[in-house]
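Residue strings, one per chain:
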Amino acid sequence: MVRITTITIGSGLGLALFAASAQAEWTVNLTPGVTDVSRSVFDLHMTIFWICVAIALVVFGVMFWSIFHHRKSRGAEAHNFHENTVVEVIWTIIPLLILVGMAVPATATLVKMYDSSEAELDVQITGFQWKWRYDYLDHNLDFFSNLSTPREQISNEADKQEHYLLEVDRHLVLPVDTKIRFLLTSNDVIHSWWVPALAVKKDAIPGFINEAWTVIDEPGIYRGQCAELCGQDHGFMPIVIEAVSRDDFQQWLADARADKQRVTAAAERTWTLDELMQQGEQVYLRACAACHLPTGEGVPGAFPALKGSAIATGEVAAHIDIVLNGKSGTAMQAFRDQLSASELAAVITYERNAWGNSLGEAVSPAQISRLLEPTTGEAEQ
Amino acid sequence: MNVQADNRRLVRRLVFSCVLMFGFGFALVPLYDVFCEVTGLNGKITNTGPVAVEGPDLSRQVRVRLLAVHNEGMPWEFGPVDGLIETHPGEMKQTAFHATNPTGRRMVAQAIPSVAPAEAAEYLHKVNCFCFEQQTLLAGESVQMPLLFVIDKKLPEHIRSLTLSYTLFDISPEVSVAESSEKEQSL
Amino acid sequence: MSDKPTLWQTLLSVLSSFFGVQSERNRERDFHGGHPVHYILTGLLMAALFVIAVILLVRWALSLAGA
Amino acid sequence: MNTLDTTLHAGEHGHHGPAKGIGRWLFTTNHKDIGTLYLWFSLLMFFTGGCMALMIRAELFQPGLQLVEPGFFNQMTTMHGLIMVFGAVMPAFVGLANWMVPMMIGAPDMALPRMNNWSFWILPFAFAMMISTLFMDGGAPNFGWTFYAPLSTTYAPPSVTYFIFAIHMMGISSIMGAINIIATILNLRVPGMTMMKLPLFCWTWLITAFLLIAVMPVLAGVVTMMLMDIHFGTSFFNAAGGGDPVLFQHVFWFFGHPEVYIMILPAFGIISQIIPTFARKRLFGYASMVYATASIAILSFLVWAHHMFTVGIPLAGELFFMFATMLIAVPTGVKVFNWVATMFRGSMTFETPMLFALAFVVLFTIGGFSGLMLAIAPVDFQYHDTYFVVAHFHYVLVPGAVFAIMAGAYYWLPKWTGHMLDERMGKLHFWLSFIGVNITFFPMHFIGLAGMPRRIPDYALQFADFNMVASIGAFIFGLSQLVFLWNVIACVRGGEKAAARSWEGAEGLEWEVPSPAPYHTFATPPKLPESQR
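Protein chains in written order, with my numbering: chain A, 1 to 381; chain B, 1 to 187; chain C, 1 to 67; chain D, 1 to 533.
It is possible that part of the hints are untrue.
[Stated by the list, open to error] In silico contact screen, one side only, chain D against chain C (beta carbon under 10 Å); selected entries: (1) TYR286; (2) TYR291; (3) THR293; (4) ILE298; (5) ALA316; (6) MET322; (7) PHE323; (8) ALA324; (9) PRO331; (10) TYR519; (11) ALA523.
Simulated from the structure, these hints should not be mistaken for laboratory data. Beta carbons are placed, not taken as given, at the ideal position from N, Cα and C, and that holds for glycine.
Make a model of the complete structure from these sequences and hints.
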């Protein structure tokens with residue numbers, strides 16, 4: 001925090017623009033990105049930028065020249081000409097030709113972006129208020145990706161780390177040199193999935209499916225954000241892509257699937273109330289606090305309070321039902337797919353025992369996991 | 001006075017144009033649907049109903065991906081039986097989506113289809129489907145919803161794979177409001 | 001010189017308005033003899049033609065790009 | 001009603017001065033009074049919306065949440081946009097038209113004086129309703145001034161209904177204003193003032209008024225559809241019922257793009273009045289200016305989807321809207337060339353209105369260039385919904401529309417008040433505004449390109465420096481508007497007596513009447529001055 005302030009003051013206001021190139025961390029331009037398409041976009045951007053600069057120099061040049069030379073104070077006399085069709089036609093045709101010159105590379109780049117040739121990997125991306133869900137369609141793997149910047153940093157109670165607001169709990173891991181197709185949709189309102197390094201920005205629209213493609217050239221971590229106003233925490237749903245080699249990707253897939261099973265298995269052991277409360281607080285802050293607030297007091301008129309509420313202090317079955325299945329017609333989502341059984345149990349336990357809600361009872365993960373899998377449960381019986 | 005008469009006539013015309021434009025605002029809704037149908041904008045599916053199958057075009061293969069999307073806290077388990085189907089243009093394919101209501105209450109849902117790329121929408125012909133139909137499931141109940149479709153042989157060459165997604169919306173509150181008001185009326 | 005612009009002149013005037021350049025002489029002719037409704041109708045017609053022209057341009061660009 | 005009629009009759013007979021007390025303002029049908037009301041109202045809204053902008057910039061001064069909650073931040077961005085568009089810029093233009101159009105064309109008053117009174121007095125109620133939503137349960141509208149569904153329907157706070165009615169009222173007010181201006185320009189021109197002698201400000205306003213009549217009802221339609229979706233169970237924009245959220249964007253931008261021109265065409269008109277005055281030379285290419293304005297107005301209906309390049313339009317659609325948008329740059333460029341050619345070989349002086357007009361030409365053109373960059377669809381995927389867009393439209397609207405309004409205000413203040421302006425204070429205001437506006441909005445290009453999305457209350461650390469610069473600039477710009485307020489009040493209260501022709505090079509009927517303009521001008525049709533015959 002202090003560091004940033006010093007840099008700003010040090011660079012000075014007027015010098016800021018010129019000092020830009022001297023400081024590596026300053027970005028004043030588009031990223032060239034790490035895909036063929038993103039580099040074309042960057043080149044196109046620069047081409048058009050320089051054309052605009054050139055036109056500006058000519059137009060403003062003439063203007064300032066007139067301002068300087070044709071001042072009354074220098075004794076300039078007004079020449080009363082006010083029409084010249086030939087000149088006007090010329091200065092209309094020249095911009096038209098320049099525009100044609102711009103349209104050609106623009107069209108080529110756009111066609112390249114829409115190249116819908118066969119993709120090797122399909123990833124479904126679903127926007128949620130306010131997180132993303134990634135679903136590796138042919139690999140039986142899906143997960144949510146939440147902002148992982150701690151609340152204390154946002155509320156200025158802790159120092160902000162390097163990737164402040166651009167870090168998530170689970171990266172979207174993608175292989176390099178692979179044609180990837182993103183299928184975008186939304187769970188609630190319109191979001192927009194944007195990763196500058198890939199030059200991909202596509203809206204995620206509820207009820208509709210959108211496509212985008214990419215081939216990443218270099219392994220690395222690429223960060224992006226939601227680009228369409230989607231409600232309160234629109235600024236807090238970043239995207240982090242981790243591009244890895246094709247082999248590493250296969251390895252990661254296997255690990256991730258094994259992990260998922262371990263989490264499911266963890267639900268079967270017995271948890272203590274303290275353990276549940278501890279994990280519950282973390283889950284609550286991550287998944288619930290945006291609306292119900294860390295204090296459980298909610299926002300009157302928009303999001304109900306949990307502190308002392310009928311549901312959080314009443315019958316446990318109703319509480320579990322609303323957390324698992326959401327409430328239709330409200331912002332309350334169904335968390336059955338978003339959280340694991342132990343996380344669900346923990347957060348419900350937490351809500352029933354925090355902020356003076358002191359029921360003292362624990363909801364066991366096993367109890368939740370039975371509710372989560374009724375169909376498979378039946379099939380096994 | 002002449003000017004006042006002129007003014008009155010002009011005002012009448014301008015107010016009339018306003019009313020016309022207000023109507024035009026609403027006319028944009030059906031116009032947009034027509035526009036979507038013509039240009040394939042937005043991947044709305046308009047072709048449903050019986051179709052004459054003339055034998056598949058075996059020289060081309062099309063990958064159809066089926067997707068199931070839940071909307072707004074829709075707790076149902078909902079998914080395609082086959083996630084990926086290889087087909088030929090002109091070939092009739094049958095598949096299904098399954099849905100289960102895991103909650104302890106009766107719920108009504110509606111599935112809305114969408115196709116990507118949007119321009120492929122007009123070439124995806126669904127012989128029968130459950131789209132736009134209300135589906136009621138009691139607590140714990142499951143259902144299989146069949147889907148029979150053909151891809152038109154006129155599908156543009158460059159489209160080699162397309163995605164058909166169904167988004168499941170929970171419309172229980174709306175339905176229960178409608179039902180209760182119906183009950184009140186019948187009483 | 002007749003005061004009333006011919007159909008061809010009307011078309012040219014509307015075209016030049018799309019282009020954004022018009023000479024003083026033609027403008028005087030338009031406003032002396034012309035009837036606004038003619039210009040509005042021609043304008044709408046030309047707008048429609050403009051749309052068609054751009055659509056054709058897009059088609060042509062797409063066929064060149066092979067998409 | 002009785003009072004209204006009496007006032008009207010008093011006005012029609014034209015031998016009385018203004019009524020006394022508050023009644024003068026409530027029941028006035030005098031175009032000058034109503035123009036004054038509009039202008040003061042828009043100044044009030046400009047400061048209200050400006051305070052909201054400063055709240056936004058204060059929150060964005062540093063990363064982290066310091067002053068406001070994200071929810072309130074969204075309410076601020078929404079209200080700032082709505083108030084500035086519908087409360088500050090549009091009423092200011094209507095106010096200028098009310099004052100100047102009758103005087104420019106030699107008319108005794110507006111064509112429909114009573115409707116004029118209503119169209120103004122609706123506005124305070126509309127905005128009172130809109131601003132009152134800030135104090136309602138669930139807060140004010142928080143979905144951006146573009147209010148995309150379903151965030152503004154299914155997910156909206158309950159106050160959205162008040163917002164919808166406020167928009168309806170503003171729409172009715174704008175439409176009545178537009179009808180009045182059209183009727184005045186078409187029917188009340190003094191004999192000899194043919195259409196082709198019409199001052200350019202009247203021309204651009206005439207075309208703007210037609211745009212208003214064409215698109216405000218569409219806006220009314222779209223908010224009515226929202227209302228029906230929210231309260232009457234229809235599904236225009238609700239995917240669950242077979243509707244389409246993207247349809248909302250199409251209908252909204254069908255209104256929204258012409259709306260952008262509604263906010264800039266009258267500005268073109270003002271600048272086209274001011275530059276010839278201070279260059280002491282007739283406007284270059286008057287005919288082209290008129291024709292190009294008409295062409296921009298028509299083309300503005302054909303480019304709306306360039307606001308939605310990322311919603312997933314098929315390739316052909318993207319290309320269509322990209323080409324059409326690029327072409328619209330041609331008539332706009334022609335205007336800039338014409339202004340420069342007007343200055344070329346003139347005899348220029350640089351009084352405050354001219355300074356604002358020159359800044360308009362330069363900074364609006366910069367906004368035009370970033371607009372051209374945004375028109376290129378493949379690159380727009382990177383720019384869309386970032387601060388680059390914010391920089392672009394603020395360049396077009398603040399040093400564009402707002403500077404033009406200020407230039408017009410300074411230009412005509414002597415005519416309104418009878419006093420010349422304190423040039424030193426005017427120049428101080430200009431330079432503070434000019435510097436402030438650039439410090440505020442220029443760095444936004446950089447943070448946008450670097451990847452900062454718009455409408456976020458908090459941001460990553462790499463955007464911190466430029467955001468801080470922008471916030472400092474915003475406060476410079478905001479506070480310097482107090483100088484403007486001071487200037488206007490000082491000019492109303494006193495100052496050097498203004499001559500009828502307050503500026504040496506000024507041409508036109510409005511400069512033939514004494515300054516301040518008498519309460520009733522042109523009770524008998526005037527003779528056109530030599531220069532306009």
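We went through each hint and held it up to the structure:
Checking TYR286/D against chain C by beta carbon gives a least distance of about 7 Å; that is within 10 Å, so the hint holds. Nearest Cβ of chain C to the Cβ of TYR291/D: about 4 Å, under the 10 Å cut. The hint holds. The criterion of a C-beta within 10 Å of any C-beta in chain C is met by THR293/D, whose closest approach is roughly 9 Å, and the hint holds. Checking ILE298/D against chain C: minimum C-beta separation of about 5 Å stays under 10 Å; hint holds.
This hint holds: ALA316/D has a C-beta 5 Å from the nearest C-beta of chain C, less than the 10 Å allowed. Restraint check, MET322/D versus chain C: the minimum CB separation of about 9 Å is within 10 Å; hint holds. A least Cβ separation of about 5 Å between PHE323/D and chain C falls short of the 10 Å threshold, and the interface hint therefore holds. About 5 Å separates the beta-carbon of ALA324/D from the nearest beta-carbon of chain C, less than 10 Å, and the hint is met.
Hint status for PRO331/D relative to chain C: holds, with the closest Cβ pair at about 4 Å, below 10 Å. At its closest, the beta carbon of TYR519/D sits 33 Å from a beta carbon of chain C; the interface hint therefore is violated under the 10 Å criterion. Interface hint at ALA523/D: violated, since its Cβ lies 28 Å from the closest Cβ of chain C, which is beyond the 10 Å cut-off.
Consistency with the previously given hints fails for numbers 10, 11, ordered from lowest to highest.
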